[in-house]
Amino acid sequence: MLEPVLTAHNLTRRFGGVVAVDDVSLEIRHGEIHALIGPNGAGKSTLINLLAGELTPTSGTIALRGDPLPRARPHRRARLGVGRTFQRSNVFRDFSAFENCRLAAQAWLPRTWALHERASRCAVSGAAATRALAAVGLSARGDVLAEALSHGERRELEIAMCLATEPSVLLLDEPLAGMAAEESQRVLELLRQLKTGRAILLVEHDMDAVFAVADVITVMANGAVLASGSPQTVRNDVGVRDAYLGEPI
Amino acid sequence: MDVSILLIQILNSVQYGLLLFLVASGLTLIFGIMGVINLAHGSFYMLGAYAAFTLSALTGNLFIAIALGVVLAVAFGYLLEWVFFSFLYRRDHLQQVLLTYGLILIFEELRSIVVGDDVHGVAAPAALAGSIPLGTTMTYPVYNLLISAACLVVAALLFGLLRYTRLGMMIRAGASNREMVRSLGIDIEFLFRVVFALGVALAAFAGMISAPASSVYPGMGNQVLIICFVVVVIGGIGSVPGALVAALLIGFVDTFGKVFLADYAGILIYLLMAVILVWRPEGLFRESAV
Amino acid sequence: MRRVLPLLALLALAALPAIAGKFYVELVAKIMIMAVFAMSLDLLVGVTGLVSLGHAAFFGLASYVVALAAPDSYTAANLWTSLPLAIAASALLAFAIGALVLRTRGVYFIMVTLAFSQMVYFVFHDTKIGGGSDGTYLYAKPEAKLGDWTLVDFGDSTQFYYTMLGLLILTFAFLRLVLASRFGHALAGIRSNEQRMRALGFNTYAYKLAAFTLAGAIAGLAGYFAAVQFGFVNPEMLSWHQSANVLLMVILGGLGNLFGAIVGAFAFILLQDLFSSLTKHWLLLMGGFVILVVMLLPGGLTRAGEAWRTWRMPARDA
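Chains A, B and C supply the protein sequences, listed in that same order. Numbering-wise (my numbering), the first sequence opens with residue 1 and increments by one. Numbering-wise (my numbering), the second sequence opens with residue 1 and increments by one. Numbering-wise (my numbering), the third sequence opens with residue 1 and increments by one.
Note that these hints are calculated values from the structure, not bench results. Think of the CB as a built atom: it goes at the ideal place given N, C-alpha and C, for glycine as much as any other residue.
Residues on chain B that point at chain C, a partial pick, calculated with CB under 10 Å: (1) F31; (2) R91; (3) Y101; (4) I104; (5) V230; (6) V233; (7) I237; (8) D263; (9) Y264; (10) G283.
Kindly generate the complete structure, drawing on both the sequences and the hints.
Written out as structure tokens, the structure is:
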């Protein structure tokens with residue numbers, strides 16, 4: 001049994017009268033890709049925002065490696081090793097791809113007050129950025145402004161920035177959205193390599209990708225969990241089929 | 001403090017608070033709906049006061065002057081939005097700040113050229129120029145009571161407009177979610193123009209109606225502007241009820257502060273703002289996102 | 001070409017006292033002080049993206065400190081004690097105000113910075129500290145002595161001028177260093193996308209507060225020498241008109257590159273002098289000028305080349 005890294009217990013989040021996340025519990029385990037699927041409006045992005053600390057739960061708890069996370073703000077959670085990507089590319093548009101990753105890698109470095117040390121000469125963050133870009137296949141595009149990258153490349157940059165912080169948990173919010181087939185394959189292969197040594201939560205709409213790469217799948221609808229388990233179990237779950245998948249795959 | 005003095009201070013607080021509310025409500029609506037930070041809003045108050053001075057000298061009757069003034073203010077606001085402010089919506093806050101600052105300079109100088117820089121008084125109508133007795137030794141000017149009454153009526157009308165009319169509903173919707181209103185196909189340009197004209201008219205009216213009670217002087221616009229900013233910060237952007245509560249709160253704090261603390265009274269409202277910022281950075285009536 | 005211009009400007013500045021009269025020497029010294037003030041604001045607005053409409057509070061506080069630091073109006077203060085004191089006071093005020101205002105964002109932030117600087121204005125305007133609305137004089141300039149030897153005589157226009165030139169160069173170099181450091185890059189990241197910075201693990205509040213305090217300290221440095229040169233301090237040095245003016249200088253010159261702040265200070269003050277010599281109602285011209293600059297040259301004078309290119313080329317797809 002793989003060790004759980006990030007767990008949510010009975011998470012609920014209300015916005016006024018709307019219950020966006022309804023009593024959701026799940027475990028993201030070390031060495032696993034845990035996929036989260038469901039129709040639009042199911043509450044997946046809200047759940048990621050809760051796990052990442054952008055939103056506080058109305059009730060329920062979140063624990064990282066067994067320690068409960070207090071109402072920790074995003075930057076604290078990131079420091080604790082929770083990395084995330086955004087559904088809509090949220091990069092630094094006026095920086096180059098390399099600079100984006102370098103800035104990400106810098107977040108953890110000590111001695112921020114060292115005003116006399118040039119950022120561009122910082123070996124540690126530079127190396128981390130180079131590694132991150134290489135992992136997603138953007139090494140050749142390092143000097144290009146993020147604004148000038150193609151949509152797919154920007155999604156890859158999102159992942160690279162997350163990697164540059166060397167997180168132990170990755171929360172990926174629809175990383176494949178808008179990507180061409182070849183790029184998607186590259187990213188899926190990357191995820192397979194990444195899962196050793198990390199825990200990954202993957203929110204996605206692309207069913208083929210999900211079933212190809214996930215170790216565990218949780219299905220959400222209307223804010224609540226419909227089913228959760230191995231891809232086989234979920235595929236055969238009648239409730240899921242009715243609500244979401246339609247025809248048996 | 002004896003009862004009649006207390007009563008006077010309470011009446012003063014309410015009057016000041018209500019006047020602030022009229023000016024600040026326009027400001028908060030313009031922020032909330034159009035997303036524009038308008039430093040020139042205080043100038044409308046100042047222009048209203050000078051208009052009351054000029055028009056009542058011309059017509060001989062304060063009320064006619066005020067009625068005329070309001071009509072002029074609405075027309076002016078409508079035109080100003082069309083010709084200038086509509087270009088500000090797409091600009092970032094820094095540019096809006098500087099553009100409206102330029103506008104203040106222009107308004108101040110135009111007023112200086114047309115009417116001069118003198119401090120003026122405006123006479124209250126004879127029927128209202130008296131005072132009523134409060135207790136055995138104190139009196140209170142009748143006109144000041146009229147100011148409060150008039151502001152209350154306008155405030156009630158404003159709330160009625162916002163709550164019970166279609167226009168009001170669109171305004172409230174726009175104040176809480178601009179994008180949504182746009183996508184609902186509502187004629188957003190017209191709405192913006194109306195809101196702006198309304199804001200200008202409210203500020204100008206406040207300037208006009210209070211002119212007989214306080215003097216009309218060049219710096220009055222800037223002074224009221226900054227306090228209105230405090231009102232909006234405390235009340236929450238886009239919230240008219242918030243502006244009312246905050247304005248009255250400030251009215252009381254400032255008036256009683258002057259009684260008890262003399263020299264340091266000026267900084268009290270900023271301290272109040274500081275306290276509220278620590279507790280609720282988005283204002284009293286603003287829903288926080290997290 | 002771009003590297004040559006600043007060097008030429010530097011040479012011109014260095015040579016000025018030899019060729020121009022006292023009036024111009026004093027005017028340019030004043031402009032250089034304002035340039036330091038403007039650069040401090042550029043750190044906030046141009047680099048970190050924090051639009052502060054209350055920066056004059058830190059400038060003015062330092063001015064009052066040097067005026068009040070003299071034992072009495074006729075004895076000079078000591079530079080070595082009064083300058084650090086003034087800068088520390090401004091930094092402390094910036095830290096205190098920053099801790100509160102940085103809890104807000106966007107439009108709220110602009111308004112509360114204005115409101116707090118008004119509070120500081122009222123403290124000096126309404127109370128007897130520093131002479132109320134009348135202000136207070138500095139009858140004797142601070143002494144910069146080492147033992148018995150006077151290093152610089154601030155009363156001498158030329159010596160004062162060169163000291164200000166040195167100050168300008170040092171501040172510029174220091175801020176360039178800051179911008180190139182990891183700290184500076186983080187500030188730029190906050191300006192670009194604060195939410196992302198937080199998601200990456202940066203404590204953006206702490207960075208912003210540090211920038212706010214540093215900017216306040218440098219504004220204090222400028223305010224100190226402004227008082228020394230002028231010999232008189234009054235609440236207007238803390239007024240929001242002063243805050244708006246320095247904001248205008250930065251946007252006039254161009255945000256974020258520090259050169260813009262210097263160019264903007266020169267342009268603004270020279271234009272102010274020009275307009276006021278044309279008419280009594282020069283604020284009308286200034287208001288119109290402000291509007292034109294923001295509308296037509298949003299990138300400022302130092303990016304005028306880019307603006308020109310954009311006008312001449314058809315619009316590209318974003």
